[in-house]
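Q: Given the sequences, and given the hints that come with them, work out the whole structure.
Chains as they are written, first to last, in my numbering: chain A, 354 to 688; chain B, 354 to 688; chain C, 121 to 497; chain D, 121 to 497.
Where hints are given, some of them may not hold.
Lysine-lysine pairs mimicking DSS-like chemistry, simulated, CA-CA at most 30 Å apart [as the list claims (entries may be wrong)]:
id: 1; chain 1: B; residue 1: Lys576; chain 2: D; residue 2: Lys351
id: 2; chain 1: C; residue 1: Lys351; chain 2: C; residue 2: Lys284
id: 3; chain 1: C; residue 1: Lys351; chain 2: A; residue 2: Lys576
id: 4; chain 1: A; residue 1: Lys576; chain 2: B; residue 2: Lys576
id: 5; chain 1: B; residue 1: Lys576; chain 2: D; residue 2: Lys291
id: 6; chain 1: D; residue 1: Lys291; chain 2: D; residue 2: Lys201
id: 7; chain 1: C; residue 1: Lys351; chain 2: C; residue 2: Lys291
id: 8; chain 1: D; residue 1: Lys351; chain 2: D; residue 2: Lys284
id: 9; chain 1: C; residue 1: Lys284; chain 2: C; residue 2: Lys201
id: 10; chain 1: D; residue 1: Lys284; chain 2: D; residue 2: Lys201
id: 11; chain 1: A; residue 1: Lys576; chain 2: C; residue 2: Lys284
Simulated from the structure, these hints should not be mistaken for laboratory data.
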Amino acid sequence: MRFDLTDDQRAVRDAIDELCRSRYGSAVARSYGSGEADDALWDRLVAAGWTGVAVAEEHGGQGLGTVELTLVCEGLGRALAPAAFFGNAAAALLVAAAGNDEQQRRWLSGFASGEARGALGSWQPDGSALAYDAEGAAALVLVAPGRAAIVSADACSLERTDGVDITRRLSRVTVGAVDELRGDVDAAVDRVEVALSAELVGVANHAMDLAVEHARTRQQFGKPIGVYQAVSHRCADMLLDVESARSAVLYAAWTADNDPVALPFAASVAKVTAAQGAWRTTTSSLQVHGGIGFTWEHDCHLLLRRAVASGHLLGSADWHLDRVAAQRGLGAIAS
Amino acid sequence: MRFDLTDDQRAVRDAIDELCRSRYGSAVARSYGSGEADDALWDRLVAAGWTGVAVAEEHGGQGLGTVELTLVCEGLGRALAPAAFFGNAAAALLVAAAGNDEQQRRWLSGFASGEARGALGSWQPDGSALAYDAEGAAALVLVAPGRAAIVSADACSLERTDGVDITRRLSRVTVGAVDELRGDVDAAVDRVEVALSAELVGVANHAMDLAVEHARTRQQFGKPIGVYQAVSHRCADMLLDVESARSAVLYAAWTADNDPVALPFAASVAKVTAAQGAWRTTTSSLQVHGGIGFTWEHDCHLLLRRAVASGHLLGSADWHLDRVAAQRGLGAIAS
Amino acid sequence: MDLSLTPDEVAFRDELREWLAANHPGVEPADSDAALEHRLRWQRTLFDAGYSGISWPREHGGRGATLMEQAIFNEELVRAKAPSPANIIGLVMGGPVIINHGSDDQRARFLAPILSGEEIWCQGFSEPNAGSDLAALTTQAVRDNGGWTVNGQKVWTSFAHRAKWCMLLAKTGGDDRHRNLTFFICDMNQPGVEVRPLRQATGDSEFNEIFFNDAVVADDNIVGGVGDGWKVAITTLMFERAGLSAASALAMQLRLDELAELIRERGGRDDVTLSRRLGALVVATETMRLNGYRGLSRVIEHGVPGPEGSLAKIQWADINQRIGELAMDVLGGEALVTDPVWTHLMLRARANSIEGGTSEIQRNIIAERVLNLPRMR
Amino acid sequence: MDLSLTPDEVAFRDELREWLAANHPGVEPADSDAALEHRLRWQRTLFDAGYSGISWPREHGGRGATLMEQAIFNEELVRAKAPSPANIIGLVMGGPVIINHGSDDQRARFLAPILSGEEIWCQGFSEPNAGSDLAALTTQAVRDNGGWTVNGQKVWTSFAHRAKWCMLLAKTGGDDRHRNLTFFICDMNQPGVEVRPLRQATGDSEFNEIFFNDAVVADDNIVGGVGDGWKVAITTLMFERAGLSAASALAMQLRLDELAELIRERGGRDDVTLSRRLGALVVATETMRLNGYRGLSRVIEHGVPGPEGSLAKIQWADINQRIGELAMDVLGGEALVTDPVWTHLMLRARANSIEGGTSEIQRNIIAERVLNLPRMR
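A: So, in structure tokens, the structure goes:
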């Protein structure tokens, strides 16, 4: 057993970090989200072949594992990247795990190459769906508890709406007839939850890094504020949240490819830990920053907004806790 | 409006504190709880007339208010006194608020004088009841949600059982026929909850005082540990819990006599705040004390045990939160 | 202990309630400039009816209301969902400081336009490098033929772009941290003062930065004396908190009623996790309200506000933040969409534990001044 | 990344499982003396089968197992609900310290009886006035014709009343806090050593106080050199934590299964507050288990245990305390009665955030050594 990245996996992580460092930062994320600039990252990700990272080779992907996919997602989450990559990866995971042969043949190669991108929509109680960065996508995969379907973008109408997360473009989607994915939807959605959780690990880690840096340098009462336990213990708790979420995501990603029976539990652990950890870490980081962290120009609120929005995408913490409890014969789902 | 004690009320508080200081401390509480010594306090409370503090004058009591009663309870809680006073006061509150004329005539004068003491028992799901310090009582008043009844002590069999709270004597009670109290049981039980909450305020305040004193004097790393925010901010949070619970108890006690419509809400606020506050404060105080606070000889665990036991007597925090939510049209009770 | 209102208090409340019903200014406009105009008109209406600065002494233009009447006034405004008057900083801080520490000339000059709202006040204490630590202020005032020349920068000032006067805390020399600050009343309408809006995480611009570049203040506009700034400022900050917490708690109760309504609308009525979380917030808010009244009774008895306000400040921030968090969970998947009420509240509440003294500073104050714990040197 | 066991690891586990099924020592007696005897016999059984100190090198009597095999061993013991061997302190701390810092003579003298359980070890670090702060130790060792004379008091030592040897940290002169401590192996069977049981809040006496009154230690029983005590002790504390957290997490998962059973028995199955609280604890425990394996992989790669153990220590204490709190709420009105399992757990868990370095000290360690935050001087 080795619970650590291989050299190849480290290379994936480093390549994404390098790509983001040179191509994407919060200033770009802001202008993309506000509609002032195009998505500066997607073409690069396509050119480098990342779009097919976890798609099977028979459909033109790299055929790497879910672990490698989560490393890409974590790096992109840290950089506050648009949802084009995540949505496309989610669409590919859903079609691969829950689509039939025909659906897979029709869609996966386009997702893998990035030439016909997929986007993810979540059905809402009123029958509409919410989707990030769906403009320019070839297809939308829509999910609700126990259900997934794919629909060509032509058959959707998108209406831009103000999102909490201002580094992505949110649309309200109205769809007509959809093509149901009738395979193992739950297992497919669990994989998407893991990818989403990986993004949240990146967000939380970024917020922690900002807080630690601020605690080291900001002086009050003649000392760096990191000497005060009210600050330093906050930072220690952030590390606990970030590392716990990272462990949970890596494990869940590994089970997706190697121990699918363990995936539902592992995915729930990952989502609960990553969503709650990102909320705690981003809010705590803002508190460490004080007033400056509450300004529009500072990145604290971008990370916090992402934590709120992504934390409420797909299954809620309570839904996942119910699933965990049900495995022990407790609660509403069990009864 | 004056949300502050009158001089007469302060005199009540000071008299109880003085009585306890001279007559009751944790060493006495331990030997009483373990059965080594008799209740050293009850006769004094009887002699000073405190047993009738909130019983109407027509039944031989002092006819003072619920506020005065809670001041006595808080002082006795602080001193970790036995339950004889509390159980007798609870019995009197229940009979006075939910008993008929005959029941009141039969029991209240004995409760008020202390010559025929009452004790409180809580019915358990298996049909038995648990009662503190019931030996020597003339009668037991038994409560369950929505139900209260009185029974002569002759008709009960008591079996001593190990309690979490080692400063009181816990018995499992088996009863046959009981005499139902058919008046406004809910309003009666709410008054008992308020008296119980008052005891918990005393417990929490005592735990805070110990923690603050320890934080001032205990040296580590060449400084009193109270200079470290991990300690000082804990103490600040204790003050918040203690003062919030005290405000809530005083208000609830006042509504019992002056604004009964507000009592159910006020009693729920008091119980939730006092029970949770006492748990947080006693556990936090133990943490501030470190190893010494975990020794048998130290009082920290006596306070913690009392907080656990009294916090789980009568309505649980969730039950009270459900009642509060129901007033806003939410939750299980409302539906 | 008597929690009923006295007959005088009941009469005051009933009269006010009736007056508010008849004179309510209507819903506040969303646009921030229009909202300020709305609040200026509202202050004028209050002033004309004798409801501006009600707890100020009669000789200074108030109605000499008791602190309890002031608290009733604050609660009734909240209950009626009427806005605060525009010049809240002048009314709550500026006026009381001048009444307590100012000269007769200053009282004659400054008090009346505060009450009427003709002159808006703002507060210039915080600086970029002096948030929690006032001793780290670097704005300098230098004596200069009969007046003072001020250079430096202030942040987080409300209403600065509309203010006539700024309560300005500046260094005036010396090393003693309790004797090297002076409290000035600085005219904002001069070339040496530049105001820039400060955009917040919510996207709003409630606050400003002020840049002082050789700004001039007359000698007459010092409150207290040279070097008394620390003492005067501390009093100001205490006035900021006294008597507001019960009304703040009431405002949160109203908000919680709306959140209960949202839970019912969104079908979460039978989700006991949501309803118990709401119940816990109702309970916490009620204890804050009660703590507020107990604190007020202590002030009435002992004369000056004490550090108990720190408890209310911590509770207020904590409860607001938990309301925001619960609202997001109630919205569930729809929490991705900006909700004008709840998303804004969730974001805005994050500053509650920072503005007006961080929750960490409040805990320090409680530990040191209430519990007498030793202080790190 | 590969979370499956290697074929060798699988073989090791399967053989161990089979052996445990055949050799399980049965339920541990409630009486603490009888329990210790039970554990002594159990250690002898393990030793005879080659399962004592399995990760010690072969030349020192171990089987040279990998750290991963050690972790598997720990987990399988938990899974089989078999007790720890009696001489756990000797196996986990005493032996490794001597292997790493001791002389050849010390290895020859001390290691074998640790493995067999013939000589029990205890740890004498903490003192009444030096809990978190080892620099405040006052126990003195003075050189005295060929040996050392020790005076002072130690607290919170497990097994002291049955121990043959005590790892004793004592002051040996000088002001440099990192050079004035020496690590001794002190014989407990001598007139100068008195052991008194220390009764805890639970009512049990797991720990002791040791009083040293002119106790004698031979020069040969110094580990490292005079003045190396700080360095040697830090290593000891690190060995205490390495590789145990995954097994501790597994033990908590088993406990949570029992708590789920209690919830079902007590009719709380449909109370989602209880089931979600249980679910949250299951989730937290799982992340602790996973963090433990990640930490172990790092140790295997980098050789020495790092301060990541502090994260596990915080999680362990926090989860255990929350299990105790939830159990009380599940018991409800019956929580007034002492439950041999749950009341004991609730009380005992309060010490988890104190023993072995308080949670506050662990956060200091994380802040300073992992996050490189500045330290208060």
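Q: All hints, please: hold or fail.
A: Going down the list of hints, with the structure as the test:
At roughly 24 Å between alpha-carbon atoms, Lys576 of chain B and Lys351 of chain D fall within 30 Å of each other, so this suggested pair holds. The straight-line distance between the Cα atoms of Lys351 of chain C and Lys284 of chain C is roughly 24 Å, inside the 30 Å bound, and the hint therefore holds. Among the hinted pairs, Lys351 of chain C with Lys576 of chain A is consistent with the structure: their alpha-carbon atoms are about 24 Å apart, no more than 30 Å. A C-alpha spacing of about 18 Å is found between Lys576 of chain A and Lys576 of chain B, which places the hinted pair at or below 30 Å, so the restraint holds.
Proposed proximity of Lys576 of chain B and Lys291 of chain D is supported: the alpha carbons are some 20 Å apart, at most 30 Å. Simply put, Lys291 of chain D and Lys201 of chain D have alpha-carbon atoms about 41 Å apart, too far for the 30 Å limit, and the pair is violated. A distance of roughly 13 Å separates the Cα atoms of Lys351 of chain C and Lys291 of chain C; the hinted pair therefore holds under the 30 Å criterion. Annotation: proposed proximity of Lys351 of chain D to Lys284 of chain D holds, straight-line Cα distance about 24 Å (limit 30 Å).
Of the supplied pair hints, the one linking Lys284 of chain C and Lys201 of chain C holds, its CA atoms being roughly 28 Å apart against a limit of 30 Å. A distance of roughly 28 Å separates the Cα atoms of Lys284 of chain D and Lys201 of chain D; the hinted pair therefore holds under the 30 Å criterion. Distance check on the hinted pair: Lys576 of chain A and Lys284 of chain C sit about 36 Å apart at the alpha-carbon level, beyond 30 Å; violated.
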